[in-house]
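Novice: With chain A held as given, fit chain B onto it using these hints.
2 protein chains.
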Amino acid sequence: MAEYNKVTTEIINELEKIVPGRVMTGENINPDYARDEMPIYGKHMPEAAIEVLSTEEISAIIKICNLNRIPVTVRGAGTGLAGGAVPVAGGVLLSTIKMNKIISYDLENLLVTVEPGVLLNDLASDAAKHGLLYPPDPGEKFATLGGNVSTNAGGMRAVKYGATRDYVRSMTVVLPTGEIARFGSSVSKTSSGYSLLNLMIGSEGTLGVITELTLKLIPQPKELISLVIPFEDLESCISTVPKFTLNHFRPQALEFFEKEILISSEEYLGKAVFPRVCDGIEVGAYLLVSFDGDDMDSLLTTVEKAAEMVLNEGALDVLIADTPAKIKDAWAARSSFLEGIEEQTKLLDECDVVVPTNKIAPFLTYVKSIEAEFDFKVKSFGHAGDGNLHIYTCSNDMELDEFKKQVDVFMNKIYEKATEFKGLVSGEHGIGFGKIDYLANTLGDINIRLMQNIKNAFDPNMILNPGKVCYKL
Amino acid sequence: MAEYNKVTTEIINELEKIVPGRVMTGENINPDYARDEMPIYGKHMPEAAIEVLSTEEISAIIKICNLNRIPVTVRGAGTGLAGGAVPVAGGVLLSTIKMNKIISYDLENLLVTVEPGVLLNDLASDAAKHGLLYPPDPGEKFATLGGNVSTNAGGMRAVKYGATRDYVRSMTVVLPTGEIARFGSSVSKTSSGYSLLNLMIGSEGTLGVITELTLKLIPQPKELISLVIPFEDLESCISTVPKFTLNHFRPQALEFFEKEILISSEEYLGKAVFPRVCDGIEVGAYLLVSFDGDDMDSLLTTVEKAAEMVLNEGALDVLIADTPAKIKDAWAARSSFLEGIEEQTKLLDECDVVVPTNKIAPFLTYVKSIEAEFDFKVKSFGHAGDGNLHIYTCSNDMELDEFKKQVDVFMNKIYEKATEFKGLVSGEHGIGFGKIDYLANTLGDINIRLMQNIKNAFDPNMILNPGKVCYKL
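In order, the protein sequences belong to chains A and B.
One gets this note's numbering by counting positions in the first sequence from 1 and adding 93 to each.
One gets this note's numbering by counting positions in the second sequence from 1 and adding 93 to each.
Derived from the structure by calculation, the hints contain no laboratory data.
Note that the coordinates shown come from a computational prediction; the quantities given were computed from them, not determined experimentally.
For glycine and all other residues, C-beta sits at the position ideal for the given N, C-alpha and C.
Every clue listed holds true.
The list that follows gives simulated cross-link-like pairs (lysine-lysine, DSBU-like), each with its CA atoms no further than 30 Å apart:
id	chain 1	residue 1	chain 2	residue 2
1	B	Lys315	B	Lys234
2	B	Lys253	A	Lys398
3	B	Lys234	A	Lys253
4	A	Lys309	B	Lys336
5	B	Lys336	A	Lys315
6	A	Lys515	B	Lys191
7	A	Lys336	A	Lys506
8	A	Lys398	B	Lys222
9	A	Lys309	B	Lys253
10	A	Lys222	B	Lys253
11	A	Lys398	B	Lys315
12	A	Lys222	A	Lys191
13	A	Lys419	A	Lys398
14	B	Lys315	A	Lys336
15	B	Lys498	B	Lys352
16	A	Lys222	B	Lys398
17	A	Lys506	A	Lys565
18	A	Lys506	B	Lys309
19	B	Lys398	A	Lys309
20	B	Lys498	B	Lys136
21	B	Lys309	A	Lys253
22	B	Lys336	B	Lys506
23	A	Lys336	B	Lys194
24	A	Lys315	A	Lys194
25	A	Lys421	A	Lys222
26	A	Lys439	A	Lys352
27	B	Lys222	A	Lys515
28	B	Lys309	A	Lys336
29	B	Lys191	B	Lys136
30	A	Lys253	B	Lys253
31	B	Lys506	A	Lys309
32	B	Lys253	A	Lys234
33	A	Lys461	A	Lys364
Now the in silico label distances, taken between C-beta atoms and shown as ranges:
id	chain 1	residue 1	chain 2	residue 2	range
34	A	Arg162	B	Arg542	12 to 22 Å
35	B	Lys497	A	Gly114	56 to 66 Å
36	B	Thr394	A	Ile413	21 to 31 Å
Covered by chain B, according to a simulated footprint, are these stretches of chain A (three or more residues, beta-carbon under 8 Å):
id	stretch
37	189-203
38	446-452
39	479-485
Chain A with its partners taken away, still in its complex shape (with noise of 0.2 Å):
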């Protein structure tokens, strides 16, 4: 176990040296810092907080907090869902929300390079104005890029285009001795020694700071069409998903949410898009799904294919989105369900768990199966298409402890599934310190063994974002 110093008077006045007037602390600490956007796990404040602006000042401070043995979190946009960015052990609180600049693009190498604050949107809108798409397309579009880097971050797109590690050519780290590296390169292709990049990717801060981030655009698609497609109930819904593999649809997204997430989110945003009842048979279940390409004619022959089989498969209709207008209105809904449920939840935690999409169907028949133990009410929806389900605990009228009590048996459970059908704990949200144990159960003492090796390997004080992933507190 490793031990910690305070942040002492002497300490702050170091590294007031390297950023004047920026360290903050007491009362003058943003209280957003103590938490990310899943409450549930608490709030810990740092004891500083500094909105660096550079990699040098960040060697600098991390230098400083190395020899003093001081824990360092980085904070994005602290849109975080699993407590990563959350300074459970007091210390430096890093934000790096002010790094948020597009530094350059290279449209020989369709390659952009960013400040790791620059927010996941802002890179859309802009990559964008070059006929540009960046791929990875998380549901939560104020995040930041260091972050989704961080986590791996997935999203809607990854059934055809992959999650974020498959769109990071380089990246600039800062390491817990505040050394300065770069890891990977703007080539395509390596063979050069083991991928410190790839290590990086999705360590959730706990291995080095990233201060800059070379990615990879593809050209932007042509054509994009989406389909909502109704069900009865979410078993006829779920069971239609691997028929898109098997028939090689190649979806750009396939989505499914139950009808109650749907109406949290169309409440939220007042305007309600999707069918309720068709033909008289009230809906249960939703797939929203889009296609791109850049013919046009061959999407339209897809899409036909498409709604044919799952007419087929049981679906009660399918409604077409074929303008930009129609099109956002049916994703409006889909980007909105964390507010939506957040709004009208009290005490929430969630499971992000990955499966293979064959799996889904019995996995959620075994959720609703263990659903009636506990008092608190159980809302899905997620990725069906690469089997990344968010399944969210919600509770209006139970006390915390014995909230938290029900819901760590709850996910002990499902987690179990999960991994007999050879899934894993998180998909896309990451493991912070609010699924440490989840991991640590469902991987084995092997695996934790050989991630805190190279915890180590990398931070012999133990200083960076300590808590977190393999290592508890």
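Specialist: Chain B only, in chain A's frame:
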């Protein structure tokens, strides 16, 4: 520096208990096990060699070797080009060549599970029966998949589909302690702790022994067209390459080669397909390009636009191969470049550098500019689409020591230039022991120290594939 012990009679007896009748020693060892396909790095016989058959027996063998500090080197088909599978420290060599079963397909998730000794060629033809494609397509079709994963092999189709790394979902690994671990899972996205899976990919057998692989497949594209494009010289040929990206043509493969290489390959095959003269102009270099897709009309539109573009850029002609027989002919020559060079050359070494695609032209201009300083000939070809160049130093009359000395000076110069262009030492062949110094020189101390720390984290007794990647003997 690690200290190793010799393989004693007692140890042979212990190994015999695990794999009776399969522990080869002395003259019973296959002499090929002393080398790979690049003999310039010398021959090193192991003290014992075993053709292994299962995860469990590999685990038992490695436990004995770890306890006794005996080096263990794993070898697939031995087609490597950097000495990665050469047992430079002696000890025990494990050949996976008989672990060659394609275990199962999962057609709902488009996955295949294989033993590590399955040959690339065998998986390709087997997957085709299911209408599926394993996209990685290294030139050497008789390499094992275990070897491909260990070097993150790239190949012709990497420009569109990515390298081997992008197609590995999970693996079973015997660690240097003899423990059996499982990295990754069947799922397509994950944020569940450090990516031990990605660390293993490209680690050249130094961190663990891969004993099973689950790989991702894609639906076989329905249509394929190849173009043979002759140019007067290498410069005009290469300067055309970035235009494919700028115009968003997305070729499946985009190869370049000098005429000399083509001639030796066609002589090796005994069949000449490519034009040597166009309209009275002597051809100096070629592009060989493939486009694939599911829709012939849109494919033809792309081919027309690409043909127009290259003719505008100075191509002498565009020959279209649009039947399986013509496509096979065009690519046969490309697949035999190395064999063609080998047959005509006594002393051979190679550089597998990768640079951003818009730096290929200035990089090759630099290489040409220093060629006259040396007594060997320089021949080059490579994957123009992703910047991965194969530059061969060839001599039939130099003394070995002088050749090696001059090659070292040459390589240092061109690696330095590649690094200046943000390139890396190896695009797909790996570091092995032939390129350790070049990797260390170009990556610098911090990255190499992190790699060495990771090696220690996995292999405290340093028994697995000693003297490779980041650790010199």
